[in-house]
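As they're listed, the protein sequences go chains G and F.
Quick note: the first sequence uses the numbering used here, first residue 1, plus one each step.
Quick note: the second sequence uses the numbering used here, first residue 1001, plus one each step.
Accuracy of the hints is not assured; some may be wrong.
[Unchecked claim] Examples of chain F residues lying across from chain G (beta carbon under 10 Å, computed):
| id | residue |
| --- | --- |
| 1 | T1036 |
| 2 | R1037 |
| 3 | L1038 |
| 4 | A1042 |
| 5 | V1046 |
| 6 | T1097 |
| 7 | L1099 |
| 8 | K1110 |
| 9 | G1113 |
| 10 | D1114 |
| 11 | H1117 |
| 12 | L1122 |
| 13 | L1125 |
| 14 | V1128 |
| 15 | A1129 |
| 16 | G1335 |
These are calculated hints, taken from the structure and not from any lab test.
The beta carbon of each residue, even a glycine, is placed where N, CA and C say it ideally should be.
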Amino acid sequence: VTTTVEAVCRRTVMSATVFDQLERELTDLWRRDRITVDDPAGTARLLRHLLEDGGVEAAGARELLRRAGIRRRWNRLFAVARAGFLAEQLAPLLLPPVLDVLAGDCTVSRALVELGVHPVRAVERLWQYPDVNWSEVGLPISDISSPGWSDDGERTLLLCTVLHHEPDPVTLLNDLAESSLARRWVIVENCVDARYGPDFHRLIDEFFNRCLNQFLCACVPEHRTATEWAGLLGKYGAVGGYRELPIVPGLPFPYQIFVVQR
Amino acid sequence: MAPSARSLRSSEDRATALVAVLPDMVQHGVWEALGTRLAAGAVEIVAATVTRVRPDDVIRLYAGNHHDRVASRRPESTNLSIELFSLDATVPVLLRTGLPGVDLVDLITKWKGDSAHGRRRLGDLRSVAPAADRCLSLLHAPDDRSALRHDGRVLFGPIFDRLIEERPDRPIDVAAIARVRHYCPPAQEVHPWDIVFRSIVRGLTLLGVDARVEPSAETAAAAVELESTRRAVASERPEKTRSTVIAALRDANAVVSGLDPPVIRRVAGDALIEAQGETLDHRRRELRRAIELLTRPDLFCGPLADHVEETLLSNHLVLDAWEQHRLKSAIVFLGEGRS
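Make the full structure from the sequences, and use the hints.
Structure representation (structure tokens):
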């Protein structure tokens, strides 16, 4: 499982229509999720201009999010509300032991443990999260490049919004199929649909990982529709248990859950 | 030796921009909403003045962009713009952003939104007002950085080049700038003498924040103090208001008479620029004296009312016809009751 710096740093050119949608969705989301912003419409409009002109790594956009307290409130929402919500939705589907594959900063893994799912272990490309203190994560985590990362008798692999970040998701799935004996894969994705196109998903990915936070995980054009993911996952087992979560705290679009039984 | 275009460009501060708050927005009184919106971009007002833009300056202001084109097609609407500029003061403000890497002129140009009401979008600077006059459309901002100095000189006068070079960074409270106009529709006036207090507050605020006068924290603080007094008087019972007003004005005299006279920020230049400086110096000193007279109810009479009105107007502290009448009435009626 590899990624390249080139893929990570690839700059996206987006249309004005996508920025229009970003502006609308951010305004609605801040209100919906009570991310307190003094002037949501004006702030979203300003942020849109900064991002459109300077790209997602614009220093002005980052500073705006920091100064307005938006970054802190949003990350708190991700760490607590989103993670807790997802853990509640996922817990009934997970057969322990669980391996959370490319678990990010492990907020969902920890929320699962807090809900009583045990044991949960995580793997990640640790170098992609330079600001995370892994010793404080509170559960076993190893680097995905270390030997034996996937062979600890797990019954379930969890891939929570992982696949669309992979420059080559098929290679990752093939690696998992070869190296893990887990019979169940639970996959969470944010799928392309009529309202949320691939460019919008890509822009949100870059906004979260390059602007709101500075994570080095890849942001690549690998978003798919639910049908396309189901088709791909069907090559690895029986795909069932499909569910859509229409409202996810901190996110403008829904999540979709797939369960692959191998 | 005059600086080259290249050195001027390199000395430009990209974090600085100019916005003129136009008469329709000055009267709308949406300063608080505008301040909140600008604060999202860590944008602060660092210099301000007040000016009643003359017709030839309106033409100069728009000469660089759409005026000529519009004038050739729609002379009537052009005339309406000139007419509207004469109805109230314009408040030009110099802005600075604390956001890194931002060209504020460029950002404001995009952020201000369309001048046509129907094409305005939620989140635009112009959309802080529920409606706007199509001719003035609340705000004017230079379309690009090359127009910044041109428009700044029209609105601030020759001091603008110095302001740009000095890069002022001390923020001016938006609430203070709102008090430069301090408009109150007749139907909302709480008592007939409120306009006397508002005139004092307006004058002190201008002297405290005007970029063309040496800054005076003492004068700005006096404006805030008098505004507090004004609010306190407004809550008084009607039968006691008159005596409370007279007592409050006498108390205010102690504050106002102790203030230093305003000192104009001089700009070296040709004979015309120096003569304009002398005129401004005279006007601001007259304003300072007129404010002091407004705290002397023992002197109140018709001629004093005329003098104060003329002084306010000559300092571009616009009073509409109703306000002129109310100010004169307040001064005359308070004066007639003196013992």
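Here is what the structure says about each hint:
Hint on T1036 (chain F) holds. Least Cβ distance to chain G is approximately 5 Å, under the 10 Å limit. Hint on R1037 (chain F) holds. Least Cβ distance to chain G is approximately 4 Å, under the 10 Å limit. Here the hint on L1038 (chain F) is kept, as its CB sits about 8 Å from the closest CB of chain G, short of 10 Å. Interface hint status for A1042 (chain F): upheld, as the beta-carbon distance to the closest one in chain G is roughly 6 Å, under 10 Å.
With a cut of 10 Å, the hint placing V1046 (chain F) at the interface with chain G is violated, because the nearest CB-to-CB distance is about 17 Å. A hinted interface residue such as T1097 (chain F) counts as satisfied when its beta carbon comes closer than 10 Å to some beta carbon of chain G; here the least separation is about 8 Å, so the hint holds. Proximity of L1099 (chain F) to chain G holds as hinted, the smallest CB-CB distance being about 4 Å (cut-off 10 Å). A least Cβ separation of about 5 Å between K1110 (chain F) and chain G falls short of the 10 Å threshold, and the interface hint therefore holds.
With its C-beta approaching chain G no nearer than about 8 Å, G1113 (chain F) sits inside the 10 Å limit, and its interface hint holds. For D1114 (chain F), the suggested interface contact is broken, since its CB lies about 13 Å from the closest CB of chain G, more than 10 Å. This hint is violated: H1117 (chain F) has a C-beta 16 Å from the nearest C-beta of chain G, more than the 10 Å allowed. A hinted interface residue such as L1122 (chain F) counts as satisfied when its beta carbon comes closer than 10 Å to some beta carbon of chain G; here the least separation is about 4 Å, so the hint holds.
Residue-level restraint check for L1125 (chain F) holds (minimum Cβ-Cβ distance to chain G is 8 Å; threshold 10 Å). Using the Cβ-Cβ criterion of 10 Å, the hint placing V1128 (chain F) at the interface with chain G is satisfied: the shortest such distance is roughly 8 Å. Given the 10 Å rule on beta carbons, the hint for A1129 (chain F) is violated: about 13 Å separates it from the nearest Cβ of chain G. Contact between G1335 (chain F) and chain G, as hinted, is not supported at the beta carbon level, the nearest pair being about 46 Å apart and thus beyond 10 Å.
In summary, the structure is inconsistent with hints 5, 10, 11, 15, 16 from the numbered list given earlier, while agreeing with the others.
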